[in-house]
Every structure is written in C-alpha cells, then in structure tokens.
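J.: For reference, the chains in residue letters:
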Amino acid sequence: MSILDFIILLPLAAALAIGAGLPARRTALAAAGLNLLLGLIALARFGNHDPSSGPAFAASRTVSRNPEIAWAVGLDGMSLVLLLLTVLVTFAALWQAGTPKDNVRLFYISLLLISAGSLGAFLTTDLFFLYAFHELALIPTFLLIGIFGKGDRRAAAWKITIYLAAGSLVLLAGLLLLVLALVQDGALTFDLAALAERAAAQPIGDSSQSLIYLLLLIGFGTLVALFPLHSWAAPAYAAAPTPAVMLHAGVLKKFGLYGLLRLSPLLPAGAERWLTLLLVLLLGNILFVGLVTLTQKRLDSMLAHSSVMHMGYIFLGIAAFQADHTLGAAGAVLLMFAHGLSIALLFALAGRLEEKLGSLDMTKLGGLAKITPRFAFLFGLAAFASIGLPGFANFTGEILVFLGGFQSLEPGAPLGGLQIATILAVWGVVISAVYMLRAYRAIFLGELTESNVTASLTDLTLSQKLPAGLLVAGLLVTGIYPWFLQRFLEF
Amino acid sequence: MEPAWFLLLLPLLAAAVIILFTRKWKTLSSAISVGAAAVAFLISLGLLGRNDEQVLAFRWMEIGDLRIDIGILLDGLSRSMMFTVTTVGLIIHIYSLGYMRNDEGKSRYFAGLSLFMFSMTGIVLAENFIMMFIFWELVGVSSYVLIGHWFTRNPPVEAAKKAFITNRIGDFGFLVGILLIWSLTGSLAFSGIQEGLPAAAAYPSALAIAVLCLFCGAVGKSAQLPLHVWLPDAMEGPTPVSALIHAATMVAAGVYMLARIGFLLAAAAPSAVLIAWIGGLTALFAAVVATQQDDIKRILAYSTLSQLGYMIMAAGLLATQAAMFHLFTHAFFKALLFLGAGAVIHACHHEQNIWKMGGLRKNMPLTFATFAIGTAALVAVPYVTSGFFSKEYILDAAWSQNGNLFWIAAIVAFLTPFYMIRLLLVAFFGRARSRHVEQAREVPLVMGVPLLLLAVPSIAIAWFSGLIEWIQIPHPEHHATHPIVLTVSILALLGGGGLAILFYRERASEPFRAAPVADKFYFDELYDGLVRYIQGGLASLSAFLDRSVIDGIAVKGIGRIAAGTGYLLRLIQVGNIQAYAFLFGMGVILTIFLLLAL
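As given, the protein sequences belong to chains A and B, one line each in that order.
Letter 147 of the first sequence, counting from 1, is numbered 147 in the numbering used here, and no numbers are missing.
Letter 72 of the second sequence, counting from 1, is numbered 72 in the numbering used here, and no numbers are missing.
Quick caveat, the hints were computed from the structure, so don't treat them as lab data.
For every residue, glycine included, the Cβ atom is placed at its ideal position computed from N, Cα and C.
For lysine-lysine, the following DSS-like pairs were computed, each having C-alpha atoms within a straight-line distance of at most 27 Å:
{"hint": "1", "chain 1": "A", "residue 1": "Lys-150", "chain 2": "A", "residue 2": "Lys-101"}
{"hint": "2", "chain 1": "B", "residue 1": "Lys-24", "chain 2": "A", "residue 2": "Lys-465"}
{"hint": "3", "chain 1": "A", "residue 1": "Lys-150", "chain 2": "A", "residue 2": "Lys-356"}
{"hint": "4", "chain 1": "A", "residue 1": "Lys-364", "chain 2": "A", "residue 2": "Lys-465"}
{"hint": "5", "chain 1": "A", "residue 1": "Lys-150", "chain 2": "A", "residue 2": "Lys-297"}
{"hint": "6", "chain 1": "A", "residue 1": "Lys-297", "chain 2": "A", "residue 2": "Lys-370"}
{"hint": "7", "chain 1": "A", "residue 1": "Lys-101", "chain 2": "A", "residue 2": "Lys-356"}
{"hint": "8", "chain 1": "A", "residue 1": "Lys-356", "chain 2": "B", "residue 2": "Lys-24"}
{"hint": "9", "chain 1": "B", "residue 1": "Lys-24", "chain 2": "A", "residue 2": "Lys-370"}
Example chain A residues on the side facing chain B (calculated, C-beta under 10 Å, incomplete):
{"hint": "10", "residue": "Ile-387"}
{"hint": "11", "residue": "Ile-399"}
{"hint": "12", "residue": "Ala-413"}
Covered by chain A, according to a simulated footprint, are these stretches of chain B (three or more residues, beta-carbon under 8 Å):
{"hint": "13", "stretch": "56-69"}
{"hint": "14", "stretch": "130-137"}
{"hint": "15", "stretch": "170-184"}
{"hint": "16", "stretch": "194-206"}
Turn these sequences into a full structure, and let the hints guide you.
T.: Given below as structure tokens:
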C-alpha cells in the first residue's frame, strides 16, 4: 500500500470510527493532524522522485478488467500541491469547527467525507474513481448546508444541489463520451495515463473533441462556478456552516479546475475550438462578478462573490495552458493552492465574527481593530493575500498566470484574444482591491459603532490563532519562496 | 553573504520581530527599528565609492527557460539612491522617536517604518521588473499602513484606502507594460531588456505603448496627473511619514524607475515627449494649487507634486542625470520642510492651518531657521542652495530641448517662491493668532537635531563636488547653464518672492480667494462622481442582471427541465434535503453500476 492510500483512507476510517462511537471531535482532529503530517512527508520525499518515471508513490489494484478500472493512486506535481492544500485546510477547518447542538457525529463525519473525497479525487490516477470520489465529497456538502446551515439554509441547499447535480451529470456524460471515444481494440480504460497515451497516438476526431470538451467545460465549470453558472455559490456559502464552506470553497471547488487541467490536453482541438468562449466566460467571472462583489453589503456574501471572481484567474491560467503556454498551468495550480488557503482563512475569520456579533452586515460594523487588534491583523493579512499582494502565494500564482497569457508571443505580433483577456483580467486586480479594502475599512477601521454590538467580542486566543496561523504560514512561505513548490510544476 | 543582502533583509527582520515579539515593549520596538535603519545606513555608506556593476541573485522561480530572481543590482544609480534613502530614512527614524513618543501604536508605527524601508530598498536594488513590481506593491501597502496609522479616525483611513487604490490603478498599467516589454524583448531583467532592445526597436509603436504602460506605474507612485489625488490626502498620516514616504523617497520611486529604464525612454521618443509633458503640466498644476492652500502640510504636499513633476519632465527629456540630481537634493530639503512643519504642528497642538499660526519664529527659532533654509533650497536661491543647482540643471535641459516646457518650468519657478514665501510670512512672521501658537515651544533635541542634519546638505551639498562624486550622484560640475536660463530663473525667484511679500506681509487672512484653485480644480469631486455613478452604476447594473437574468433564467430553466422529466421535480417535492441527497447518491451509484455493466 502506498502512503497515498493511507492518506485517502485515514479520514474514511475516522468517519467510520466516529460512526461506531469514538469521540467525534478528537477523532476527527487526530485524523486530520496525522494526514497533515503524512502530506508533509509526501512533500519531503517527493523531491527525490524522478518525474520522468511517472507518478510518485504509485500503487494500483485492479477492480475490473474490461472496462479497465483500478483503485490506482499516484502523485505528480499538480496533485502534490492539491494534496497539501487539502490536508492544510482540512486541519484548519476541523480545528475551527465548533460543536453543533445535535447530530455532532453526522457533522464531523460529513466534514471528514468531504476531505476524503477531495483527497481521493486529487490522488487517484483513474478516471472512474476521480469522478466517484468527487461525488463522495459533494453529497456531505449538501447535507452540511441543509442540516447545519444558517439563514435561508433550505433554499441554499436546494439550489446548490440542483446546480451541482446537474453539472455532475453533464460532466458524467462528457467523461463517458471521452472514454468511449478512446476505445482501442474493444478495450475500455479509465486509466488516465492510458487514456492520454491513446489520445496522443490516435487523436479523437475534431467534432467529437469539440462536443466532449464543451460538456466537460460546462460540467467542470458548474462545479467551479464559471460564469454564468455561478449563482449557486453565494447563497450556499452564506448559509453553510464555517468548516463546510472552508472545505468547499477552499478545497472541493478546485476539483473542476483540476479536472479541466488534467483532461484538456486529451482534447487539444476541442480546447482550441472553445477557447474564445472560455475567455469570455472567465472575464464574466473577473469583471462582471467582480462588479457584483462591489455591491455586497454582507461580509459572507462579499467573500463568496470574491471567491467566484477569483476562479476567473485560475481559468485564465488554464486557458493559457490550452494555448500551449505552460506558465499558465503552473500559475493556475499555484493559484488554486493560494486561493484555497486564503478563502478558507477569510471564511474562518468571518465565521468567528458572526458567532460573536450575530451579524455580518458591514454597514453596521466599524472600528473593531481597536478592541481586537490581533484578529484585525490576521484578517488584514488574509485580505491582502486574497487581493494578490506580493509576499503571499496568491501573487505568485497570479503573476505566473499573467505571464502565461503573454508567453512565447512573437515580438511585434498583434495581441490575440488571450492577451486582451489577460490585460482585462489585470484590471480585475484593481476591482478586488476596492472591495476588499472597503470591507476592511467598514469592519475594522474608523470609529467603533454601537458598543453594545461589539461588547461581547474578545480578541483571539492562542488556540484560535493556531489554524489561522497555519494557513497564513502556507500563504507566506509559498509567496516568499515559491520555488520550493513551483519546481514540481513542470508541464 | 554579501552586505547588500543585509541592506534588504535587516529592515524586514526588524519589522517581523516587532510584529511577532516586541509589540508590547514600545521603546524596544522603536530601538529595533532605528537600529536596523542605522545599520542599513552604514552598509549603504560602505557600498559607495565603487563604480563597478555587481549582480547578486537568489532564485525565486524557475519554469522552463524562464527564471525570475530576487536579484540585487548594484551600480552607480542604485548605490547613490540607497544613500539617499537610508540617510533620510535614518534621520526620520530618529525624529520619529520624539514625534511619536507618546503614541499608543508606537510599535506598529515603527514596524511600518521598517517595512517601508525594506520595500523601498527592494525597489532600488531590483535587478528585474518582477522584483521591482513586488516591492512596488509592498511600498504601497506600507504606505497604506502608515497613512492609516491613526485608524480610529475616519480621514486617515479614507486617505490610506484612496492611496492604495489609486496606486493600484497605476500598477495595472505598470504590470501590463511589464508583460508587453517581456513579449517584445524576451526578458524581464533590466540587462536582458537592454540586450533585446535592438530587436524590439523594429516595432516602434508597440515599444512606445509598452513604455507608456510602464510609465503608468510612475504616474501612480509619483502622483502625476491624473493620479495625483492621493498624495495631498496622504498628509493625514503622521508627519514624519509624510516627510519620508510622501516627500523624500517613495514618491520618488517613479522617477527612479524612469531613470532605471532610461534606455527604453531613449528608444521610444514619442512616449518620452508625452512623459515630459505630463511632468511639466503636473509641476504647473500643483504649483498653482499650492498658492491657495491653507494647511501647512497640504502646501508642502502640492509643492512635492510640483517638484516631482519637474523630475518626471527631466526624465522625459532624457535628462536622467538632472532628474536624479534633483531627486537627491529635493529628498533632503523637502524632508527638512516636512519635519519643520511637523515641529510646528507638534508645538501648536495639531494646528495645521497657517492662518491660525503666526509669529512662530520667536518661540521656535531653530525650527524657523531650518525651515527658512529648506525654503531657500526649494525656491532655489542662487549659488548657496542645493536646490538651485539641481533646478538649473533641469531648466537648462528644457531650454535646450523643448521651448514650451521651458516656459512652463519657468512659471513654476515663479510660483514656487510665491507660495513658499506666503507660507513663511503667514506662519512664522506677524503676530500669533491663537493661544496654542502663543504658547508654542521649541521642539526637543531628538527632533531638533534631525532638522539641523537635514539643513546642512540643503545648503552645502552642492559645494562639495568631491563628496557628490563619491556618492555618484550625477551633478552639473562642468555644466554651464545657458545665460538666459539663469536670468529667467533669478527673475522668477525675485518676482514670485517679491509678489508674495507684497500680498502677504502683515496679513491675518487670505486677501483673495480663487475657488477653483483652492478646491484643487475639482479633481476629487470629479473622481468621486466617476466612482459613484460610473463604477457604482455598473456595479448595480451587474448585480441586477445577476439576480434577475442569470439566476432567474437558470433557475427557471432547470425547473422546466425538471418538470419535463418529472424526475427531479418529485425530488424537490420531497422537500427534504437528506432524502434528496440519499436519492442522489443512489442515482450516482446506479449510473456507475450501469456503466460497469456496459
């Protein structure tokens, strides 16, 4: 068994153990802590691995011969980065998780299942399990919102379920067509490497590629809130309990981006055919949703919209990659990591604020930095990280994405759609500065408003700072010395 | 490790130690910060006196054949700029010990100063555009922190936000320019760009656009028209911050960047002309506005805008040496003026309106004497002040290249003594016009000595050409100013100064008020309107479309599909999310099962 099997099975085992009666919070935290350790070990040992010999820590157990399906795991640079993201955010989210009044077991089991499903999806090298693991993670997300959510939780849960279920079905259709299009000598395979080999040796016909790619784009796109399929995100994130939104916005949502990066090289003609569409849609995320973000009055809703907006930058990296600009892919992966950590941190802090104040209406807050300086400082770090300030991982990812947009451009050549989209996307950096600084100003700076509202607020204790500190550390290390992760991202 | 690395890392270390460990011990925090600034000053002294070019590199990223370094480029330009930054920086650190002595957030303040020193050092030492951009943005954030230091009051907080966002607008252009230059020359490092320039010169219009985009960065950071609006507001920060960041160093970063890419400006002549014009117009605009301001710091802020305009104009005229020489002399005398203003504000219980001051020269002789020296340097009193030599250098460059710009610069040279003599007469002469001012006391030594230290170079520096050569500031030792230039500038000084004496001697209130000038030609109102109606309108429209069209249609559409199949609808009618989730999971498993059975 590979270390990766352990990493996937550990949260599943912990979920089972909680179901069987072990104390929920302690068991979950122990599993998450151990997984964090295993993730770091994998990172340390990955450096010795020769990437030309295929994925590291590969292991495979055949489930079915034809179609060829295997419980297969393996680690390359991209999945390594997402593995680290998942174990970091899982630990922080579980640490952050409070104890709901009822159904404590269900609560922690659901969180662990999201983590396990995400890990499985990122670590498997088999398309069948890639899809199945994602579904495994998705269902508990719906449960968490519907049962443990707040506000208009039923409607939000209903909406996210409909949207993501529909997206998953479109995705399933696309994946099935992809597998069927790559039949060789009557043999179906779900092995990703084999599929890639077949696609390279005997490319799928252009019109089939076009159809399959479009299905994948819609399917994966829905899961990532690609414009205009994004309207599930804001109500769901506003309603979800904090650890659930940390795991979904931070980790699980990256699945769609990951899938597109993995599979679009199999469909070069399809990707080229729909490049302009992708560019227009991602600009919808950055500019349109960016503008919508400006109008938000509640912090959670603002963060949810900003998260949707930032997906546009990752899509831009993917679009650059599909135009053969490898910097874009590296940037996209680093940005997934960075966005995952920073949005989880922001939602964690927002969750704590709501717990204490009962409201996230920014028009009614103000001056909190005076009474909670440490909290304000951490939130400030997270806010500046999310708007791509250098020194944080987000900047590293963004700058690579932007460079990807202009990579290998002939000197003096007229700018193409990709370059124009990149320039417009750079403008989004101004928009995000506006809404983030406005929010920070409204909540933390200026004069204290209504002392009765803020009376119950106390500053963070050490134990509350720990998970936040972990996420900040991840952002800073990758921002200041990106090479330690980026060197694994050769495409 | 090379000492230059310490130059960069020490202030960062100081900031980190203060934030993480010594927040509670304010005196210790300030000592750490001042100590780091002192060591940085010594290191930058040690770097002087060498003329070779040295590159130190640390791999930050490497993908394929693209390598991005955190790299240090030591040449005459960066060594002399480091000297300016660390000298003024150290003096202002010391002054802050007095000015911020009883401040509640003293630790935070000194952490901010150290963070600023780190960021500024990074810009100066940068060997490539990505590194310069990184520190460019970090300077922006340290400026945000320091402007908004008194964060419980609304005006500083708004000013900090405005400064950051306005700078980001400039940085948008800067980043696009970096991308364009990269695609044109195939390099992000300054040396590589220079190598790739001959090939890129085959596309003059693309090059010109790229250079203009890069210039946007300087427009933001050096507060040129039309992105100048943040700098006067930035005066809401503590006065030492205004002196260091918003007068002497950070705002000069735009000029420094243009000097760094002087070879690009030379290769893109049309852009250079436009840059010179923007500089000249900013100089004129700001000098006009300065004549009608009443807040002592705002007058100095507009004066800074105006002098930066001079420098940008010189850079655009490809007189890089003149621009850098003026940057150097200006850093000292403008820091001096701001610290003098800080002394006045400190002594007058935070009174900033010059019309409520008056007669300060009696109670504050040291402050008055040094402020007068700073004023003399700014208005360019011939032959005895540093400002004279650097300004002549710029005027001469304009004379030889662009007649229109020369006359604009000459009008500025007339307006500068006008508004400075006005300030001096109203604040320091006549009778005290409020009780606080009557009781004003001279500042303590820790603030007085920095004033003296800055006053010395404001007068003397230009006399010691050996010293200047050692610092490697380009200077006009063998430079013969055209006699017409000399005559015009002396006439401008006498005319502007004389007129101010005529109007403002023994005045207790403004004798004439030109509303558009006093209101800064309504730029703030215009931009507020743009933000409120254009950006706000677009945002509201987007939000409306998002709610009604995108969400509405999608939900209805899915509902209709569901109704059509009858399958999803039944699920919805169950109304129980758990039941639905269970059914959905079963559905997935069923699908997979069917798939397997194929």
